[in-house]
Each structure stands twice: as structure tokens, then as C-alpha cells.
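There are 2 protein chains.
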Amino acid sequence: MSLFDVTVEASCGAARALSFETAHGTVRTPMFMPVGTHATVKGITPDQLHALNSQIVLANTYHLYMRPGVDVVEEAGGIQRFMNYDGPMLTDSGGFQLFSLDHMMKADADGVTFHARDYDGSAHRWTPESNMDIQQRIGADICMQLDQCIGYPCEKEDVAASTALSWEWAKRCCDAHTRIDQALFAIVQGGMHLDLRLESVRRLLEIDAESRSSGGRGFQGFGIGGYSVGEPHDVMFETLGQVTRALPDDRPRYLMGVGNPTTLVRAVREGVDMFDCVLPTRTGRMGTAFSSQGRMNMRNAKYKRDFTPLDHACDCPVCRQYTRAYLRHLVMQKEMLGGILLSVHNLHFLISLMGRAREAILGGTYEEFYRAWMASPAANDY
Amino acid sequence: MSLFDVTVEASCGAARALSFETAHGTVRTPMFMPVGTHATVKGITPDQLHALNSQIVLANTYHLYMRPGVDVVEEAGGIQRFMNYDGPMLTDSGGFQLFSLDHMMKADADGVTFHARDYDGSAHRWTPESNMDIQQRIGADICMQLDQCIGYPCEKEDVAASTALSWEWAKRCCDAHTRIDQALFAIVQGGMHLDLRLESVRRLLEIDAESRSSGGRGFQGFGIGGYSVGEPHDVMFETLGQVTRALPDDRPRYLMGVGNPTTLVRAVREGVDMFDCVLPTRTGRMGTAFSSQGRMNMRNAKYKRDFTPLDHACDCPVCRQYTRAYLRHLVMQKEMLGGILLSVHNLHFLISLMGRAREAILGGTYEEFYRAWMASPAANDY
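One line per chain: the protein sequences are A and B, in this order.
Take 1 as the starting number for the first sequence in UniProt numbering and just add one per residue.
Take 1 as the starting number for the second sequence in UniProt numbering and just add one per residue.
With the rest of the complex left out, here is chain A (with noise of 0.2 Å):
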């Protein structure tokens, strides 16, 4: 089997259960994936992800193109080397980063001149050429193409405007992708208009299969960008579904920046097969754990003589180990080891539930997965 081909092993309704090689091991969704935005997830060592079963780790480019720089990265021997990781990796452009910069930023047909404001101010210019280059010297498994991501609410024609720089700029990433043993994933946009998430999917699609026909590789998946970004919760879902049955059935779908365990569930029922967020590790940071029951916030006084486990329904290392009342203990305390030990928690359960929705689509009781879940108290948690 060739690097990044796909096998479709299951599927139950729209959810889907694939697996596909990559240089550092075969993957199999659907996956969480924990951000290691600055080459660490925040807290956790190497040998903590393999114990938890983390599949790929995500890194982002414009914050290791900042610090400690591309050449640094490089001289090292890519991303895994540096990092110590010896599993499947994937970076973001940084196209989502660099939209965030506002007025520090300006982009034009071309590609995109910014200034670093949440580093050293300095300024830098982007094209898909140059951060394809970037990425393949950063070398993660996976990369995603450099697009403009715009904010919500927006009017339709920015968000028009913002999802057609976004494809052209696929095609010129695409051209521009040579290291073959890195996939890269087109990234579609479209803000919440069903018409424009239509449009980028089939202009994707066109650049992918003259991509084919010349002799190039196109896409080996796609990037679902653009949700997430302050709509109301619902929102996404009205279109979701439409825009991953638009995609082929044999490349991963990845919604990107999204991790409450509800909608991871509903997502993977609207065909989805990759998630990431920073949320179970920030939260976990912050205090609060996910569980079987809803979100816990470990400050809460009823906890403090609570010597039973964090959660009952968990087999993670932080459940078989420790107590309510010694993890409220840690948090009150601002002590390091309370937002490690819920980050560990919170990346358990996020990876564990993708491995139990697996199990389910693979045993083709996807329906009764989700509505098992749906009627459960931790549907409340999104």
C-alpha cells in the first residue's frame, strides 16, 4: 500500500471508518488529534501521547516559522526529530494565524504581507509557494494548504471573496507541493453558505483532477475550514453534512479547530473523520476535566472530600490513579501537576471517544452509538 492511500474499511450512514499509511505509521479514523501548536502539547511528554493512544499530533506553522524558526526546525531533522515524537504528524498552514492579525496583516492576490505582532512585530510576507516551502522543510506527515480564513458573522461577498482566493491559492499550493512523502490537504471555505461550501468543494475538486491528469498528485484529503469561528452552535450543522458527502469517499475529511466531545459525535455522523482543538488541554489548565457526566470544574467545592475517581466511566492513567479531592487539591492550588494530570484526562477522552465511534461504525451500530450519547448527560458538553 502506498503512503496516504486510503482504505474505507467501514461505513454506517454517512459515518466512516478509514485507515491510510503515513512514513511514521498508519492511521485510522475518526480521530482526535492533539495541537502541539509550538512542537509541545502544552504539558505532555512524547511518551505520554503514545501512551494515550494519540494517533497525530499537530503542530502550526506560522508559530514555528516565528519560534525557533524553519531553519531550526530544519537543521534538526523536521518537526518529529525535534520534538522527539516519533508518530505521524500534520501542521497548519498558519493561514488561520495570520488572519487573526487584522490590521497587521494584508493580504492580496498573491498572497499575504503581515506583521508578527504577538511575537516581535516584524514584518513577513506569505505566498503558497513560500509556505509550502516552509512546511516541507518543517516536514510533519501532513500539510494543509495556506487559505484565508474569514470570521464570523460576514458579508457574503468577503466570504466569497476570501473562499476564492482560498481555492486559487490551492491550486498554486498544489503546483508548488513536491515532497512526496508529505500529503497535502485543500482546505474548503465558505463561511456558512451552503453555496459557496458547494463551490469551493467543486473547485477543489477541478484543481485536484487536473492536478491527476497532469501527472501531479492533487489532494490526499481535506481540510473543512471556516466553522468554529463564532457562528451559534447549530449553525455549522445545517451545512456540515452536505459539504462531506460533497467530498470523495476515499480522502479524510478533517474539521478543523473543533473538539467538544458533542460535536465530534455529531460530526463523525455527518461524515467527518478527523477533529483538532486545543480545548482539552486548555481546559484541563484551566481546571476542568470532560466526563461521562458532563464538564466538571474541579474547583467545585463538593469535591474536596470526594476520594472516589475523577470520572467512574474512564480507564485513563488519571482515573485509575487519582482522586476528586486530590485533583480539586491541585487545582485550587495553581500546582503545574493539576492542569497536567486533566490535560492527559481530557486527551484520553477525546481519543478514546473516536476509538469507541469506530468500534461502532465498524460494528455498524453508528445510530445507536449516537443516540446512546445524545440521551446521555454528557451530550450536555458542547
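These aren't lab readings, by the way, just hints derived from the structure by calculation.
Nothing false has been slipped in among the hints.
Remember, identical chains collapse to one label, so a pair may be satisfied in a single copy or spanning two.
When the alpha-carbon atoms are kept at most 20 Å apart in a straight line, the in silico SDA-like pairs for lysine to any residue are as follows: (1) 106 - 124; (2) 334 - 285; (3) 304 - 84; (4) 304 - 77; (5) 42 - 287; (6) 42 - 351; (7) 42 - 335; (8) 302 - 72; (9) 304 - 63; (10) 304 - 137; (11) 334 - 67; (12) 334 - 72; (13) 42 - 334; (14) 42 - 285; (15) 304 - 293; (16) 42 - 66; (17) 42 - 87; (18) 42 - 60; (19) 302 - 75.
Chain A is fixed; fit chain B onto it per the hints.
For chain B alone, kept in the frame of chain A given last:
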């Protein structure tokens, strides 16, 4: 062999290699003990502590008494169960913390009244008897007497008064301490005055002898407090050796709060068996590493492209897995993992240094070990 019975395995000059039993395992000296003030060694899991061959972990009576409260620790089944650490533990009495509260604290002959200004400002009163009760309920394997610790510089009459108060409290702690699975260590005070130090030792030995002759258990070891409280660096060594040699050969000597590598190597030569300090984790969180070449500030730009191990002479998991360039990146980005990894390395550095010191004593070559250390670049670290 009974609990806390000491075997003197070897001595080499004044340096000694002891072993003694606790209910949670045998400990072997010389040793460095990681500090877990709030029932956690900052950023380090119990599994990581075991992997580091950590022998005894310290917790702090004052801080646990304030948060989460003695009742919570007791209901959890004691400090080990509470924090999920199954090895030997020691609690400091909290005397040092109380007497650091300055004007928020008032000591009299019977005890000390204090306002916990670093928590909620609430008022409390401790006596030697109530402190023993608290430490017995916390349940570490070794507890320390309540003492009065005075700063430097200080009028000799004030040092004399606090030293006298400390030995009077030692007797009351000895009488009040009943938990037979828990050792009680007395604490030698006397500041930088040899006569006061030797008087302190003499009085403590009298109390110990009186206790034993009347069927009591006396003291199972001796803390040496009131050093490293601001005096110039060599002042401690003017008296330390004479203090240790005045103490019984068959009981451990614990130099409290000392953690510089070179100071450990020197103090072992003066007959000290046990050390503790927050230095390895605190400096680790601040981006600094111990090394065979002396202390390293990982912010230094010279490490930016240095893909070699942190310390070539070290075999800890951090030196085996990560590069200086990566560690620098984590420290520069203020990433939690930087502090965690440097804490692991620094703890390993002191724990393994004491392991090597022990081997040298057992082999009868401590003087050579000492001279080699003092001639090495590492000796600059004190």
C-alpha cells in the same frame, strides 16, 4: 530489622553510607530528597519520581494544614494515599514557614500564634503537641519536631533564645509523639555559633537519653536546621562538621534546605546523610540546568542550533531524548514542558550525584570523589 533501625554500611572519613527501614521501603544514604510542598513535586508525576530513583519525598505540614486541610489528608488515608505516592515520605513541621511570617506570628514559651497571610489571613495557634498531632494525622514516615528557625544575621542572644526554645519544644514533641510507624527527628539549631550548636546537640541527646531510659523512643534522627538562611556561603562549613560529629553515629543527619550540588558533595564529607531543596525544580522552571560543566542557562542564544544532549555526562531520560536546541525553544516559549523536563533532569542530577557519592563511600574512595568534583567545572555550581 525494626522500623528506622540504621545500618552503617560504610564510612570514609566522616562521610557515611547508611540504610534504614521505613514502612514504605528501605532508604539508603547519602541521598537528596525532592520537595513536594503541597503534596506534589511541581510538575512531576509519582511515576516519574520512581523512575528517578527518588527515595524520600518531602511535604510541608504548614501548607497541607492550610490547604487542603489535615482532615482531608487524613480522610484520604494519609499523605501517600492522598497524592498517590507509595514510597517513603517526610513532613517538615512547618516551623520554618511559621517563623517566616514575621510580624504575623507571635511565639511564646508554650507555642506560636500566627496569621496565615499567604492564604486567607486566618488566625491559628500551634503548640509542639498540636503540631505532632497534625503530623501524625498527615502520616508521613518521618516527621520533624516543631522548632524555631531564626534568620541571619541575628544577635547572638536572639539565636540563643530560639535555640533554647527549640530544644524545649523537642522534648515536648518527643513526649507527644506516639505513632510508632512514624519516626521523629529532632532539629539542631544555634545559627553560626559553634557553642550554641554544640549546646543544642547536647540538650537534644539528653532528651533522647531520658526518653529512652523511661521506655520512650527518643529521636530516630536529627535535622540540622538554621543553615542556608542568608549567611555567606562558607560560614556553614566553619561549624557543620563539628555539629555532625557531635551527633550519634547510628542515626541519620539531615541538613535541611540545602541543594547546591557542590554543597552536597562538601557536606557529605562532613558527615551529612540527607538533603532536601526546592532548587532543582525551581531553577528548572526558571530555565536553568545543573550539569557536569556547571549551571546552564537554557535561554542562552548559543544553544539555538545545538542539537547535542543537555549534559553529555548524564544518562537521565531528558539527556537521552532531547537536545539543547529543543529545551531552549521550550524555555524561550515559556512552554510547561521546558520546566518539566529541566526539573526531571535537575532532580536526576542531585539524586544520581548522591548515588555516586554512596558508591564512593562504599568503595572507600570518597576523598578521591570529592577532589575530582572540586577540580571539575561542576564545582562552580554552589
